[in-house]
Amino acid sequence: MTEQHTPLWEVFIRARNGMAHRHAGSVHAADAEMALQAARDVYTRRGEGLSLWVVPSNAIVANDPDEKGMMFEPTADKIYRHPTFYEIPEEVGNM
Amino acid sequence: MSDALFKYLVRLADDTVILSHRLGEWCGHASHIEEDVAMTNISLDLIGQARNLYSYAAEVEGKGRDEDQLAYLRNEREFTNLILVEQPNGDFGKTMARQLLYSAFMLPFWEAMMASKDKQLAAIAAKAEKEVAYHLRHAAEWTIRLGDGTPESHRRMQEGIDELWMYTGELFAKDEVEKELIEAGIAIDPESLRGAWERTIEEVVTRATLKRPEDGWMHVGGRNGVHTEHLGHALSDFQYLQRAYPDCTW
Numbered sequence: 001m002t003e004q005h006t007p008l009w010e011v012f013i014r015a016r017n018g019m020a021h022r023h024a025g026s027v028h029a030a031d032a033e034m035a036l037q038a039a040r041d042v043y044t045r046r047g048e049g050l051s052l053w054v055v056p057s058n059a060i061v062a063n064d065p066d067e068k069g070m071m072f073e074p075t076a077d078k079i080y081r082h083p084t085f086y087e088i089p090e091e092v093g094n095m
Numbered sequence: 001m002s003d004a005l006f007k008y009l010v011r012l013a014d015d016t017v018i019l020s021h022r023l024g025e026w027c028g029h030a031s032h033i034e035e036d037v038a039m040t041n042i043s044l045d046l047i048g049q050a051r052n053l054y055s056y057a058a059e060v061e062g063k064g065r066d067e068d069q070l071a072y073l074r075n076e077r078e079f080t081n082l083i084l085v086e087q088p089n090g091d092f093g094k095t096m097a098r099q100l101l102y103s104a105f106m107l108p109f110w111e112a113m114m115a116s117k118d119k120q121l122a123a124i125a126a127k128a129e130k131e132v133a134y135h136l137r138h139a140a141e142w143t144i145r146l147g148d149g150t151p152e153s154h155r156r157m158q159e160g161i162d163e164l165w166m167y168t169g170e171l172f173a174k175d176e177v178e179k180e181l182i183e184a185g186i187a188i189d190p191e192s193l194r195g196a197w198e199r200t201i202e203e204v205v206t207r208a209t210l211k212r213p214e215d216g217w218m219h220v221g222g223r224n225g226v227h228t229e230h231l232g233h234a235l236s237d238f239q240y241l242q243r244a245y246p247d248c249t250w
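From first to last, the protein sequence lines are chains A and B.
Just so we're aligned, residue 1 is where the first sequence starts under this note's numbering, counting upward by one.
Just so we're aligned, residue 1 is where the second sequence starts under this note's numbering, counting upward by one.
It is worth saying that the hints were derived from the structure and are not from the lab.
Hints may contain errors.
Unchecked claim - For lysine to any residue, the following SDA-like pairs were computed, each having C-alpha atoms within a straight-line distance of at most 25 Å:
#  : chain 1 : residue 1 : chain 2 : residue 2
1  : B       : Lys127    : A       : Tyr43
2  : B       : Lys94     : A       : Tyr86
3  : B       : Lys130    : A       : Glu48
4  : B       : Lys127    : A       : His5
5  : B       : Lys211    : A       : Glu33
6  : B       : Lys130    : A       : Arg14
7  : B       : Lys127    : A       : Leu36
8  : B       : Lys130    : A       : Gly49
9  : B       : Lys130    : A       : Asn17
10 : B       : Lys130    : A       : Ala32
11 : B       : Lys94     : A       : His5
12 : B       : Lys211    : A       : Asp31
13 : B       : Lys94     : A       : Glu33
14 : B       : Lys127    : A       : Leu50
15 : B       : Lys94     : A       : Ala30
16 : B       : Lys94     : A       : Ala32
17 : B       : Lys127    : A       : Asn17
18 : B       : Lys130    : A       : Arg45
19 : B       : Lys127    : A       : Arg46
20 : B       : Lys130    : A       : Tyr43
21 : B       : Lys127    : A       : Arg16
22 : B       : Lys130    : A       : Leu52
23 : B       : Lys130    : A       : Arg46
24 : B       : Lys130    : A       : His5
25 : B       : Lys130    : A       : Leu36
26 : B       : Lys94     : A       : Asp31
27 : B       : Lys130    : A       : Ser51
28 : B       : Lys127    : A       : Gly49
29 : B       : Lys94     : A       : Thr6
30 : B       : Lys130    : A       : Leu50
31 : B       : Lys127    : A       : Ala30
Said to hold, decoys possible - Not close to chain B: a few residues of chain A, all C-beta gaps over 12 Å, as computed:
#  : residue
32 : Thr6
33 : Ala20
34 : His28
35 : Ala35
36 : Asp41
37 : Pro65
38 : Gly69
39 : Ala76
40 : Tyr80
Idealized CB from N, CA, C, for every residue including glycine.
Could you put together the complete structure from these sequences and hints?
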């Protein structure tokens, strides 16, 4: 009943310019504007962010947990995909 | 002049501290956690404003009192807040109506105060203005949704505004204290804010499909310490700890 009237929204916060938005949590709100306000009130009380996104939780498409073998296990033995087999020159900095 | 400035600062501080207390009463009682946090955030903004104003008032008074003594050790007849802000929370709609009516006045008030000849007040205003801008937005959005919501939310929102309307006249009242400071370029003439206040209320009420109440008899007295019965009860909660355990700290 409550869910029906108050949808769930996922909250993403960008902490600084140049950073990506990161998932912070979720809020209940009746519509997008109220979700932004709730996100601001709940998740940015200690100066956590410069930018907020809210996304209806039901708009997020998730993989089926039963398929995680097919989805993720094949990568486990492919260590050559990690860039750890060559030296990065100092001057390049963070990659 | 310093006597008038002291009174003026205490009036503003009393408004913020009493409204802050009222919002704090919602802590743990709001309809959902998000709104619980939202109202206590606003309460904390107002506490911050009250601290700045009381501290400055104590400095202007120069009698060795501090912010805590001004907040916790004065009786109700010595409190000079607007009667509007001491009104009980009622339901959530009434709480939002109170916040809307007050914040719609305080936003242009602090904006104007940023140009005050009193540098300290101008600095307090610069900080408060951003906070109150959000308080107004928060209250306005709820007013619109409740007014334009279900028949029950519409009825409750309208009742909240109707019940509080007779306390809005006091926002625009001024006496010798204000007149002296307005002439000195320190205080804001509330009459100069009426247009902005009316426009905000009109816009929000219209979008909320509510009716702006007719102006009738207006209840005043708060600035002279003459309050409704509600303030004393609020203070007995608010001041309990300092009254029961004088000078206690933690």
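Going down the list of hints, with the structure as the test:
For the given pair, Lys127 of chain B sits about 21 Å from Tyr43 of chain A by alpha-carbon distance, which is consistent with the 25 Å threshold. For the suggested pair Lys94 of chain B and Tyr86 of chain A, the alpha carbons sit about 66 Å apart, so the restraint of at most 25 Å is broken. Distance check on the hinted pair: Lys130 of chain B and Glu48 of chain A sit about 17 Å apart at the alpha-carbon level, within 25 Å; holds. At roughly 36 Å between alpha-carbon atoms, Lys127 of chain B and His5 of chain A are farther apart than 25 Å, so this suggested pair is violated.
Restraint check for Lys211 of chain B and Glu33 of chain A: the C-alpha separation of about 24 Å stays at or below 25 Å, so the hint holds. A distance of roughly 21 Å separates the Cα atoms of Lys130 of chain B and Arg14 of chain A; the hinted pair therefore holds under the 25 Å criterion. Taking the CA atoms of Lys127 of chain B and Leu36 of chain A, the gap is about 22 Å. The hint holds against a cut of 25 Å. Note on Lys130 of chain B and Gly49 of chain A: the hinted pairing holds, with a Cα-Cα distance of about 16 Å set against a maximum of 25 Å.
At roughly 21 Å between alpha-carbon atoms, Lys130 of chain B and Asn17 of chain A fall within 25 Å of each other, so this suggested pair holds. For the given pair, Lys130 of chain B sits about 22 Å from Ala32 of chain A by alpha-carbon distance, which is consistent with the 25 Å threshold. For the given pair, Lys94 of chain B sits about 21 Å from His5 of chain A by alpha-carbon distance, which is consistent with the 25 Å threshold. Restraint check for Lys211 of chain B and Asp31 of chain A: the C-alpha separation of about 24 Å stays at or below 25 Å, so the hint holds.
Restraint check for Lys94 of chain B and Glu33 of chain A: satisfied, since their Cα atoms lie roughly 21 Å apart, inside the 25 Å limit. Proposed proximity of Lys127 of chain B and Leu50 of chain A is supported: the alpha carbons are some 18 Å apart, at most 25 Å. A distance of roughly 19 Å separates the Cα atoms of Lys94 of chain B and Ala30 of chain A; the hinted pair therefore holds under the 25 Å criterion. Between Lys94 of chain B and Ala32 of chain A, the direct Cα distance comes to roughly 23 Å. Compliance with the 25 Å bound is thereby established for this hinted pair.
For the given pair, Lys127 of chain B sits about 24 Å from Asn17 of chain A by alpha-carbon distance, which is consistent with the 25 Å threshold. Among the hinted pairs, Lys130 of chain B with Arg45 of chain A is consistent with the structure: their alpha-carbon atoms are about 14 Å apart, no more than 25 Å. A distance of roughly 16 Å separates the Cα atoms of Lys127 of chain B and Arg46 of chain A; the hinted pair therefore holds under the 25 Å criterion. Taken as a hint, the Lys130 of chain B and Tyr43 of chain A pair is honoured in the structure, with Cα atoms around 18 Å apart against an allowance of 25 Å.
A distance of roughly 22 Å separates the Cα atoms of Lys127 of chain B and Arg16 of chain A; the hinted pair therefore holds under the 25 Å criterion. A distance of roughly 18 Å separates the Cα atoms of Lys130 of chain B and Leu52 of chain A; the hinted pair therefore holds under the 25 Å criterion. For the hint pairing Lys130 of chain B with Arg46 of chain A, the CA-to-CA distance comes to about 16 Å; that is within 25 Å, so the pair holds. Our distance criterion of 25 Å between C-alpha atoms is broken by Lys130 of chain B and His5 of chain A, whose separation comes to about 31 Å.
About 17 Å separates the Cα atoms of Lys130 of chain B and Leu36 of chain A, which keeps this hinted pair within 25 Å; it holds. Restraint check for Lys94 of chain B and Asp31 of chain A: satisfied, since their Cα atoms lie roughly 21 Å apart, inside the 25 Å limit. A C-alpha spacing of about 17 Å is found between Lys130 of chain B and Ser51 of chain A, which places the hinted pair at or below 25 Å, so the restraint holds. A threshold of 25 Å between alpha carbons decides the hint, and for Lys127 of chain B with Gly49 of chain A the separation of about 19 Å falls inside it, so the pair holds.
Using a Cα cut-off of 25 Å, the hinted pair Lys94 of chain B and Thr6 of chain A holds, with the two alpha carbons roughly 21 Å apart. For the hint pairing Lys130 of chain B with Leu50 of chain A, the CA-to-CA distance comes to about 15 Å; that is within 25 Å, so the pair holds. The straight-line distance between the Cα atoms of Lys127 of chain B and Ala30 of chain A is roughly 30 Å, outside the 25 Å bound, and the hint therefore fails. Consistency note on Thr6 of chain A: stated as away from chain B, yet its beta-carbon is not over 12 Å from all of that chain's, at 7 Å minimum.
Taking the minimum C-beta to C-beta distance to chain B, about 25 Å, the non-interface status of Ala20 of chain A holds against the 12 Å cut. His28 of chain A, annotated as away from the interface, has a beta carbon of chain B within 12 Å; the closest lies near 6 Å. At roughly 9 Å, the least C-beta separation between Ala35 of chain A and chain B is not larger than 12 Å, which violates its mark as non-interface. Look at Asp41 of chain A: its CB is around 4 Å from the nearest CB on chain B, not clear of 12 Å, so calling it non-interface is violated.
The claim that Pro65 of chain A lies off the interface holds: its Cβ sits roughly 28 Å from the closest Cβ of chain B, which is beyond the 12 Å cut-off. For Gly69 of chain A, the shortest C-beta to C-beta distance to chain B comes to about 37 Å, beyond the 12 Å cut-off, and the non-interface label holds. With a least beta-carbon separation of about 39 Å from chain B, Ala76 of chain A lies farther than 12 Å from that chain, consistent with its non-interface assignment. At roughly 47 Å from the closest C-beta of chain B, the C-beta of Tyr80 of chain A stays outside 12 Å, upholding its exclusion from the interface.
Checked against the numbered hints given earlier, the structure breaks hints 2, 4, 24, 31, 32, 34, 35, 36 and satisfies all the rest.
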